[in-house]
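Chemist: Here's the letter readout for the chains.
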Amino acid sequence: MPRTEALSSTFEQVVLPHLDAAYNLARWLVRDPALAEDIAQDAMLRALQHFGGFRGDGAGADGGARAWLLRIVRNAAYDAARARGRVREVPLDPAGEDDAPGFDVPDPAPGPEAMTALRQDIARLDDAIAALPIELRECLILCEIEGLSYKEIARVTDAPIGTVMSRLWRARQALLRTQAAEAGR
Amino acid sequence: MSDPRCEEMRLRLQADLDGELSPAEAAPLAAHLAACDDCRETAAQLGALSARIRAEATRHAAPAALRARIAQAAAATAAPTLAPAPPPPSGWRRVLGGPRERRRLGAGFGVGFALAASLALAIILPGAGDLPGEVVASHIRALQPGHLMDVASSDRHTVKPWFDGRLDFAPPVKDFAAQGFPLLGGRLDYLDGRAVAALSYGRDKHVIDLYVWPQDKPAPAWSGTIKGYNVERWAQDGMVFWAVSDVEDEQLRRFVAMWRAGA
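If you're matching them up, the sequences are chains V and Z in order. Numbering-wise, the working numbering puts 110 at position 110 of the first sequence, and it's gapless, one number per residue. Numbering-wise, the working numbering puts 96 at position 96 of the second sequence, and it's gapless, one number per residue.
Any given hint could be a false lead.
[To be verified] According to the in silico footprint, chain V covers these stretches of chain Z (three or more CB under 8 angstroms from chain V):
id, segment
1, 11-23
2, 36-49
3, 53-60
4, 67-75
Hint data in this document are derived by calculation from the structure and do not stem from the laboratory. Note that CB positions come from ideal geometry on N, CA and C, so glycine has one too.
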């Protein structure tokens, strides 16, 4: 269903407004700010290149542009991770020890003792989310932060809707368990 | 939640929370919730968790330098105003190289220009009292798509009245299309702690921004180069003028000379 106004819709109007979402997803997927910036840039340039093929007929007020772009971001992130041979889909340590050497990580992970103290901090929510396995984390971020529908998340993550729902459920249960552990500490 | 009904209801409950529940599914869920304390508790927990994530989880905003690079790449691919001869989009990634390489690329028009602009933006976001830096940063910001002009017109009789009521002074507006410096349009900008007029002129593929505002004590003429941008300042008729561009300084001086001579 090509829209008649498609000719006058530009990349700047349709895709560029979602740059923050693109960068945010990249950050949540890879955590390393420099790598996330590379991924977001790569994805935006891919999107620019393929913008002619974007039909703008998806669901949502933006014609599906956000989901379309985020799918590209996710693919770019997975490509980058594969290229580096550091696909750690299930990070064992939420403190971010998967940062490759040589990267400048401005917010280094606190030591174990500091972590214990910090876990009581409400702001540690970020860590709890970051500790989720990537396939749960991406569903949660896309749903809660980016506000995508189940259908859009399914498209972005290349998974059936039922799988998306079960991943969201598992992500939330894991976070609730972390919260309960924090509260009981 | 030992009741098998609860197992069945939990994804439905979550879908309700996420605004994905169909009306046909809503009624059985409501009935179950009315009867099941555990599921009501679960619903409350999920709702609170969702609210907490939405309120507290970090939303990482794209760095300004990244935004500037993407905007430049998009503008050069699509916008004839700024780049009449866009390279094919596939060229962009080739020129940009691997993402890591981009930081080493030097200046020049095209991608190099975009990169220089974006890098400069990161470096010279105005420090207090650094008016030349502020002017250049404003110029670089303006080069991003959609920022260059509030009123896009090559007709000075359109541009000049546009400023009426938007500024507390009437900026002079001149057009030098015949001399190869066509007026592209105007916009409001904010410099030196006040609203100022900004006029954009084209010169081949380049853009010259001219900032104008009244000044009681006429500043002496000044010129310099900041982060690869040539800057000229002069005073005329009780106003101060700042011209900024990446054109050759000889071209910019010509532009300034025409302005000062009137037209």
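Chemist: Hint by hint, where does the structure go against what was stated? Just the numbers, ascending.
Modeler: Of the numbered hints given earlier, the structure breaks none, since each of them holds.
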